[in-house]
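1 is the number of the first residue of the sequence shown in my numbering; add one for each residue after it.
Treat the hints loosely; a few may be bogus.
As the list claims (entries may be wrong) - With a straight-line cut-off of 30 Å between C-alpha atoms, the simulated DSSO-like cross-links for lysine-lysine are:
#1 Lys1097 / Lys1131
#2 Lys1124 / Lys1097
#3 Lys905 / Lys862
#4 Lys1013 / Lys928
#5 Lys1013 / Lys1131
#6 Lys993 / Lys1131
#7 Lys1169 / Lys1124
#8 Lys589 / Lys606
#9 Lys591 / Lys607
#10 Lys993 / Lys1124
#11 Lys554 / Lys589
#12 Lys70 / Lys413
#13 Lys1131 / Lys235
#14 Lys1168 / Lys1131
Claimed, not checked - Label pairs and their in silico Cβ distance ranges:
#15 Gln763 / Ser806: 16 to 24 Å
#16 Thr1109 / Val125: 30 to 38 Å
#17 Tyr77 / Ser575: 25 to 33 Å
Calculated from the structure, these hints are not laboratory results.
A virtual CB, placed ideally from N, CA and C, is assigned to each residue, including glycine.
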Amino acid sequence: MLSFPRSVCLLLATLLCSYLPAGEAEGKPDMPQNLIVTPQGPSIMIMKWSRPSSAEVDHYFVYVEGEDLKDTTIAEYYIWEGLEGCTTYTFGVKTVSSSGSESDPTVADGRTDVSYPPEPQDLHVVNYTYDTVTLAWRKPATQCDIEKYRVTCQEEGSQPAETVVNETTVEVSQLTPETLYTFSVYASTSEGEGPAASISQTTTTARPPEGKPDMPQNLEVMPEGPSMMLMMWSKPSSIEVDCYYFVYVEGEDLNATTFDEYYIWEGLEDCTNYTFGVKTVSSGESDPAVADGETNVGYPPEPQDLHVMNYTYDTVTLAWRKPATQCDIEKYRVICQEEGSQPAETIVNETTVEVSQLTPETLYTFSVYASTSEGEGPAASISQTTTTADPPEPQDLHVMNYTYDTVTLAWRKPATQCDIEKYRVTCQEEGSQPAETVVNETTVEVSQLTPETLYTFSVYASTSEGEGPAASISQTTTTAPGPPQNLVAEGINSSAINVSWSEPNLPPSYYLLTDYHNNIDVRIFGLQFMIVELEPCMTLDITVSSYYEDIEKKFPATTRGKTTVGVPPEPQNCSVDVADNYITVNWEKPKTSCKIETYIVNWTIKKLWGSGEEESNGIETRGLSHTENNPPPYHRYTFEIAASVEGIVGDAISCSGTTLETNAGPPVLVSLVSEEQGEVRVTWEPPAEENGNITHYGIYLNDADDYVKEVSEEVRTTTVTLEACVSVDISVAARNGAVKNDGWGERSEAKNVTPAGDALPEQMDCLQHGPDLLACWLPYSTDCPVSQYNLQWEGHVLWSPGATDSNSTTLGWSRDEICYNIPSIPYTKYTVSLNVGINAGKPITCSSTTPMAAPGPPTLEKLQVENFTISVTWKEPLEKNGIISNYRVEWTDWNGRVDSQVTDKNTFSYQIMENSCGGEVDVTVSAKTTDFDEFGERSPPESVLLVNSISSLTCETTEPGEVALNWELQELNCPVNLYNVTWSFTSLWSEDKGSDSKSLIGNVSSDTLEHLKPYSEVSVAIYVDNSTQPANCTTTTQEEVSDPPTNLRQTANNSHSATVAWDSPESVRGKLSSWHLNWTTENGNLVGEQDVSATIKTFQIEGLSSSWTYVVSVMAVNGAGRGKPSNTNVKTAYVPKETPLGLILGLSIGGGVLLILLAIGGFVVYWKKHQTKPPRPAPFMPNVIDSDNDKLYKRQHQSSANQRFQGEGETIDSGTNRELYPDDNMETEPPNETCNDDDTVNEQFTVPENINNILEEAVDRRLSQQVSSNLDHKAVFNRRPSQLVNIRMNSFEEYNKHSSHPNIAAASEHDRRPSHHESRSRSNMREFGRRPSQQVDLGKPNLMEYGRRPSQQIDVGGHNLNEFGRRPSQQIDEHRPRTMEHGRRFSQQIEPGKQRLGEYGRRPPQQGELGRPNLREYGRRPSQQVDLGRPNLREYGRRPSQQVDLGRPNLREYGRRPSQQIDLGRPNLREYERRSSQQIELKRPRQEEFARRPSQQVGISGRSLPSRAPQQPIPPRLDYGDYTRRPSQQTDIGLPSDRAFMRRPSQQFVMNFEGIKE
């Protein structure tokens, strides 16, 4: 069905009468043109478009498709901010006209730029060891591509190390054990690097490197349900000692450790394929064994995005998206329901459906259920009201305005929810045909009507289904208006015109005079008006209109008027033009309508230099300009021009101009004075003919074109520095603003002068004078002496970079040549400079390089001896004095023999070969330069001693505490005077360490070290004579037998076993490999022996006789054998012998009694079902004060069983509650009531006195927590007495050990609150407590109560059951074959109609399966999940520390907190926890649990769980443990013996299964 927006309308349609001519339809405006979208950064986009050429644009509507972003603008652009980076958006713009019509949109796509990324998400440690940490994270929350990740690792107090990766995981290696590291991960896009995500981790304790263990074998993966997978594998054959396993899921943040050869994953996605891995962890980690597995199909969640695509008066079209699951959806069930009627349903396979045959204007609720092969999931719901078929008449039709030819109508939309497509408006004059028009708005103006005529107007509304009835109204038009009459305009002076007129036939509201000169409308209520402030001779077109306010129209009349002549205004735009030989003034005609006859021009002339004389002149002209030829230079002309009309002269306008400057004449009175040191003072006066504004003066020498000095205009004297003793001609010139010659005028007459002062010699020479330098020069002139000579020099040492030699001196003047000897350094480049006078100027220079000389001594750096070879190393001399060409090494041995060797300049070491030893050798080194023939000074001699060395050294351990040393010398013929022996030791079994030394004299080649520590690492070093290079060896001393273990004691015993424990010996004296135990009788007979691992310090001895004493010995075993024993006596427990005769008799008698009771019970049940007697009223009960500590209150609870059972077959009177009132005087006797019935005889029963013999004791904190059931042994814990439960079974109640009737099948409890009274309206009893959510209906064998919230109540005792809770989404209807609970959260759906019953609670983890042998409880947090239906049970929680494995004798739990580890599988069980509330002991004969919260206590009895599940069939469960963080979630329904401790008593329930306790 098509529909149109309301903003799009047709204003006028074809009119059918002459009063309504054909209108013109206004369609959609044109859309914007040339839309361009440009990114301006990571979050900004600019839209630009062109205005449509044919559209009337009021504003534009801009939006972003798919986003809640829209706005309006009047500009042809718009800036969007706050967008996501790297994201493509679709932008649209519409034209909106002044009537509100919108054009079709113009759209364009645009993508934002790359932005800086946010920090990586979910940074966590995947694994860590003593030297590695493996990190993983997720991509930052951005659409931009991540180019790389930078990972930094920093130990506190050190510099960070970093690495760059492209994946979201990294292993950081080569770390230090037991060290805290901080890891930071930075993500980078092409824009740059974002902020870091950080995490800290401490490495583990270091362990010795060992090889990888073998990987697990035969890995199998099989699904255990929609969200569970079971992994099973075999232990590697090569693993002989205990190990554990590391399991994980690839690509998921899931990993754990286990000691079993199996593992169960829970909380996985349905229909999803995962890759599972497992590693063996012993001394290290093995390679992983991996396998793929896919989870089973599960119940689907609700469909997504359910919405109404379209709806009419009888159809609604729905659409939705597939539920958020990987499983295939087989079908969708759609239910449509009108309030108060039965729902209708249909089945579809697509995600859209049209529901038809609906009732108009009716609210419907639609629910859509998705189904997989596993079953149907929860519903998504939506409501929609259908539209109306035909619209009613428009509302509130009225006339907004009317005139003589128009009527404006308005109305409101009809009373309907449907969209109105158009309105048809008809106009009819009496006796004529109607005319009509079609509009989309709720207002219309009907024009071109006849004055003083009655019209009838009708308005019809139309929807897509048709047109509805009309709303009508009548209106008469007014009389026709007219313009003013006899309009006249007359000029009364040069600035005013008087306008007058007479009134039209129909007087107007007022008159409007349009002044076209001032462009204004004047409202006038009289018949004349004067227009003032006009110009002379001005002609105006004047319009006066009659204006009628009722019709908002005016009727004009037009005339013309003119002002008289007046004083003319001043001429316009006066200006002056200046050239070399003339000056011209120009002006324009004044702004006046009068004719100008002549212009009067007057001017004055003022001289701008010299004395500044003035003169005046003037003329009369008809033109608009005047010119003066050959004006004087640099004079100001001021002109005044006035207009003349008919002899009247108006105001004058003034303007001025200045003539051009010309070159000045020569300055006058020039004088020159010579001063000291080449200076000349020049003085002058300004020129007689300045011809302009003087700005500067210039000083010229001889005939030079350029001046040597320029000064400003105000200076009249200056000093010129010239060359001393040189004669020159000096002249002066003035400069002004003239164009010619850059403004410089004529020079003054030249005058000659000779300056006095110091003169610099023309040349200086640098000459060699032996090792020194000589500087010589001649004076500039023999007739011009100088004050002093200043000599400076600087030398750069060429053989030492950066070294210099600088100095200076002062010399007097001489007519002859002057020479100075400069002391010099060899091979240095000198630069010498010379200037004269005190304030010296630029000097003259010369340069030269001094020759090389013999160098200083080299630095002898190192002498080293090895095998009669002396290695000599040196450095170059500090004073090289040139370029080094060679080095010479000289040595003298102990016999006085001298030898030498010459090397090149690049060699700084030499090896002297000697063929004998026994004395000292003296060594020196000298150097030589390239330009000097002799070697320089020798280095100070150094001596070295030639001694023997050890070629091989061995260490052997021959006896305990001893090490034998043997060695051989390098040279047998070279004697040795002294051996220095040093050694250190480190104990390998303790923290002892130390060192020692000794000396050996003479030629020996062996020695023995004694009194060393056993099993220690010994390092030995031997030095020969004065040698600094030792010979080394290392060995380990032998092990010795250990001391006896300490603190040997007995820790536990029973009739056939005893447990002993011990501590480590004081001295092990070796590597502890194991413990050896043997146990004998008191007379010494060996009973048994056993070797156990060195890591164990406790042992349980099995197979002993009861009440017997044994002697137990424990010895430590190391490499030296068994150590000294430690002994203790242990004794087993005494167990008396029993004869089986009593057991046999008891079983026989019990079996017979059981058969009799079953027969009687069957008869009673059959008899009751066939009784139809009506219920009797409850007996009288007096009002009693409610108090747990009140004795009367307790007795009231004892008698609460004395009430009538309202069954289908009988009525039982349970007495008069006499036991409540021991006082005989108490007037509380209830009336004696009997049951009067038409069909049966009245029966009355009293409570038998032997009720205490058939009741069992109910242990409870409060007496009010008693519950009656048909169980043989039952204890019920309830917080309030109002929560007592009476069950419709052959059962009994125990009320604090007081008597009651044994055949009571139901009871009522009357308490302080009326909500606690039972309901007798149905055969199924209920318990009414403080909260309605705690009501329990126990009339069926399988009963559950769900209630912390009333929305969780379940009534399963009737055929059609509804539960009404706080949240309607949690109601349950069991009357249908397959019941679903439709709630706000799909996890709260309960389907009790199937054999497998699941509880879907507030959160998905609280789902429990109660109807199968395999029972699981899914708690609020996944860490509280317990699976008790299989031998291998684990709990997977958010914190791994809460995992409990109950399926093996030896069980460990590895959690984040070591205090939460639980060992449940050994006889001697200890649990070390940070919180005492988390201690659990499950396998001791006497169970005790210490918990901070009583809700966390768990009691488990019965047989122990098997230890290896995957290799054995899964047995039925007998034991059960429920571990939850909140006590209200503990539930055990199907076990023979168990307890559940709950925080709220309303959550207790009883089922008629034999042997159940609550």
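For each hint, the structure was consulted:
no., hint, in the structure
1, Lys1097 / Lys1131, "holds (19 Å)"
2, Lys1124 / Lys1097, "holds (16 Å)"
3, Lys905 / Lys862, "holds (18 Å)"
4, Lys1013 / Lys928, "violated (62 Å)"
5, Lys1013 / Lys1131, "violated (40 Å)"
6, Lys993 / Lys1131, "violated (44 Å)"
7, Lys1169 / Lys1124, "violated (82 Å)"
8, Lys589 / Lys606, "holds (28 Å)"
9, Lys591 / Lys607, "violated (35 Å)"
10, Lys993 / Lys1124, "holds (25 Å)"
11, Lys554 / Lys589, "violated (40 Å)"
12, Lys70 / Lys413, "holds (28 Å)"
13, Lys1131 / Lys235, "violated (38 Å)"
14, Lys1168 / Lys1131, "violated (62 Å)"
15, Gln763 / Ser806: 16 to 24 Å, "holds (23 Å)"
16, Thr1109 / Val125: 30 to 38 Å, "violated (54 Å)"
17, Tyr77 / Ser575: 25 to 33 Å, "violated (45 Å)"
Checked against the numbered hints above, the structure violates hints 4, 5, 6, 7, 9, 11, 13, 14, 16, 17; every other hint is satisfied.
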